[in-house]
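K.L.:
Below are the chains, spelled out letter by letter.
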Amino acid sequence: MELGAYVETRTREPQLSVSARKYRWRSGWFAIVLTLAGLLLLEVLLQGRAYLQTGESIFKPKDEQAVRSIVVDGLRLYPPNTVIRGTKMEIRTNQYGLRSPPITPSLLPGELRLAVIGASTVAGAYARTNDMTFSQKLAGLLGKRHPGPVNVVNAGISGLTVHQMRLMLEKVVAPLKPRLVFVYTGFNDIAKLCKASAPPSASAVRIPHPALPSWLLIPELIRKNTIALRSSYRASGTGLRRANQVSPAAIDAYRKDVEELARAARHRNIELVFVSSLSSYRRNMPLAEQQDLSAFALYYNKCLDLNGLYAVTDRLNLIQQTVAKANGFTFLDIRAQVPGGSAVFVDSSHFTPEGERLVAEALDRYLASRLN
Amino acid sequence: MSVTSIEFFLFAGLVCAALLALGRAEKLKKLLLIGASLYFYATYDLRFVLILAFLTVLSYAVGIRVHRAESRKQKKRWLGVGILVGLLPLCFYKYLPVMALGLAPEGSPVGLGGWLDGLVLPIGISFYTFQALSYPLDLYRGTLERPARFLDLACFVSFFPKLLVGPIVRAGQFLPQLDRPIRVANGAQAASGLYLILQGLAKKLIFADILANHIVDLAFADPASHGTLFLVIAVFAYSFQIYFDLAGYTDIVRGVSRCMGLELPSNFNRPYLAATVSSFWQRWHITMSSFFRDYLYFSIGGSKRGNVYFNLLVTFVCIGIWHGAGWNFVIYGLIHGALVGWERFRRGIRKARGLTEAFVGAELVGRIALTFAIVSFARILFRTPDLAGAAAYVRAFANVGNMEVPVSDLGLLVLLLSFAVHFTPPVWAQAMRRRFVSSPAYVQAAVVGAGLFLFLALPDATASFIYAQF
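Protein sequences, first through last, are from chains A and B.
Counting from 1, one number per residue, gives the positions in the first sequence under my numbering.
Counting from 1001, one number per residue, gives the positions in the second sequence under my numbering.
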């Protein structure tokens, strides 16, 4: 007797025969239950591992999770005055919800106060402690030369785009009266360009349906750790090819965002320095190495291939350069001072400790000439 | 709610659990299935539920009229009216916008033409229109002896697994299942359903989507920038993509349906193993091609009345147009109709000479390869948006100097696996299914787990089902 038949007749025949019991363990339903139980167990284990390593997991209250930044007046911030500690990462946030040391609202006597606005690369996606982010390393370097107190506000929040960086400038950074603000835009805007360039989907009147929660670790971990499987082109040697279609409207929208950021700074008499975004892959590397190093960026930018990434990055840098010039600001190109490769980058765009050090030194060299 | 998403399977699991909980309350089970189906369809677009409801009510009313009509002539009249009215939504959403745009001055999609062009094609309309119309047709033909209860008919038309991309189940095949109590699958049936689901997901997410993302889309996006070799590879890759795409969907929904205790028909029988184009159409999208054969080809005379070659051409052109309102689909139908007609003519001559049609050995292999090539190259018309696009693709075959093949290792592997999987003996697949079903649950669960890993790890992005646009 099979399980289905057993379920139907169980009132009459409560005892299973040996053969029925054997069949029960061959039931597809039981296999489904086992699979679901296995997935649940795996997810719990992964969440536990994440909690140990980064101090974060779904087990923690939502308002104490740094990676799940909170939104205040349209601006994403980390939970303020929080310490999130794991074996691999410690994030301390200040009273403003930034991964930065506490800072007084007004300038201290003789204080040199600077700020760096950006996204995960500025926040220090792989920096073990706050001190290991390039902004704090820069503060350390400046402190050796500057007699008074030195503060470099780390205004980097994972996922920020230029539009949100303007909000960060207006709402958090400008009231702190920094002497100079570095803007390191990173690559989130490129992903935004891809989304904006996709053909619009037909308008539909849909009723919602339950979806899997975004905090599940299994799908994201599998996707991230198997990028190499999907991006290898050893047999053909040509590399990934994509249409590289970025709509002019999306580029224009980016230009407007950068212009608004510059205008907001000028309006508040804040000096901006746009810093060129850095990637681990460089044109002077062998093609295979470029492909390996760019795999992570290509995973997040589905409309571009390697050539497209270079072209769009150059285009966005040029926009920043043009806008900076038009507003009397500086565009600082540090690509030559921070080389690519896996010693400097963990993935396509986030720094290793060595990368954090090199960026801090590059900014320090600029400041040495600028502030003197 | 995509049928490849985990949400869909959780939803289907909930429906199964609810069916089980309802015990012997058959009416409630049918109401549950109808409610679940309407909800499922409304997650795509709430408005289109009305079309589904309209077709169900129309089929029911026409079915009663056809059954009650006293003379054959009267039955035929009611059937004709029913079919004409039933095809109206399909024509309105699918064909009218193309016709209106074709008649409008070039580059001015304004006014009525522009409004029609902006209409969203209700997903699955080609499929459920035919299924709904099969009900009065089956009553007329006598396949169904008596009219169905409205609840049963609504359950049949709206049954969510087959709603979007078929298989095109006929009323005569499905309604008798609703006369019996709906029993959720037992252990072995669930294992077999699970196997079908896994097989379908593999076909869709691993084969179809990887071929699309790594080869086909790239070639068809800008054929002029690629060389002949890559373009030819892409033609064959598309043949496999479209097969695995629809076969994958069919397997998934058959598996889900089986778990609920309802059977849906199979759609494919190794189509690329066909040695003739006629044989290909007996193996490819079987529920659709047999629908056209039984309800159109035979109705216009088949081989008994009128000119059989003309009847074949009409049938295949209609098959082409069913896929889309464009000249490329008309020509696609004409090519296949002409080839099937030619094969029929040739078969007649060979028969008259006392020769058989059975191919063996090298000739069989050659015939299979030739048929596969013909079918694949004709599909250029299918993949490109219009005739100009198809012409551009064909023109690009002249780029013989460009030998670059920008295919990823994964794309290449999947293409080779596609050949291997399709051209291996069908008994191997059957043996694998038997082995899975008879394995202990923990082995089945391990296979499902491994499958889930591959479904997440290998595809770049999930492409929508090709047939969902038809």
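Simulated from the structure, these hints should not be mistaken for lab results.
It is possible that some hints are incorrect.
Only some residues are given here: those of chain A computed to face chain B with a beta carbon under 10 Å [as the list claims (entries may be wrong)]:
| no. | residue |
| --- | --- |
| 1 | Val33 |
| 2 | Leu36 |
| 3 | Gly140 |
| 4 | Gly143 |
| 5 | Val150 |
| 6 | Ile207 |
| 7 | Trp215 |
| 8 | Arg242 |
| 9 | Arg357 |
Just so you know, even glycine gets a beta-carbon here, dropped at the ideal spot from N, CA and C.
K.L.:
Does the closest beta carbon of chain B sit nearer than 10 Å to the beta carbon of Val150 (chain A)?
P.N.:
Not OK, violated: Val150 (chain A) not within 10 Å of chain B, min 46 Å.
K.L.:
Close enough to count: is the Cβ of Leu36 (chain A) nearer than 10 Å to one in chain B?
P.N.:
Holds. Min distance 9 Å.
K.L.:
The hint names Trp215 (chain A) as touching chain B; please verify it with the least Cβ-Cβ distance against 10 Å.
P.N.:
This interface hint is violated because 15 Å lies over the 10 Å limit.
K.L.:
Hey, does the Arg357 (chain A) contact hint survive, CB to chain B under 10 Å?
P.N.:
Status violated, d = 35 Å.
K.L.:
With 10 Å as the cut and Cβ atoms as the points, is Gly140 (chain A) at the interface with chain B?
P.N.:
Nearest chain B Cβ about 42 Å off; hint violated.
K.L.:
Given Gly143 (chain A) was flagged as interface, is its beta-carbon under 10 Å from a beta-carbon of chain B?
P.N.:
For Gly143 (chain A), the interface hint is violated, since the closest Cβ of chain B sits about 47 Å away, which is over 10 Å.
K.L.:
Just to be careful: measuring from the Cβ of Arg242 (chain A) to every Cβ in chain B, is the smallest value less than 10 Å?
P.N.:
Holds, because the Cβ-Cβ distance from Arg242 (chain A) to chain B comes to roughly 7 Å (cut-off 10 Å).
K.L.:
Go through the hint on Val33 (chain A) and say holds or violated, using the shortest Cβ distance to chain B against 10 Å.
P.N.:
With a closest approach of 8 Å, the Val33 (chain A) hint holds.
K.L.:
Report holds or violated for the interface hint on Ile207 (chain A), using the least CB-CB distance to chain B and a cut-off of 10 Å.
P.N.:
5 Å, holds
Figure legend: structure checked against the earlier numbered hints; hints not met, in rising order: 3, 4, 5, 7, 9.
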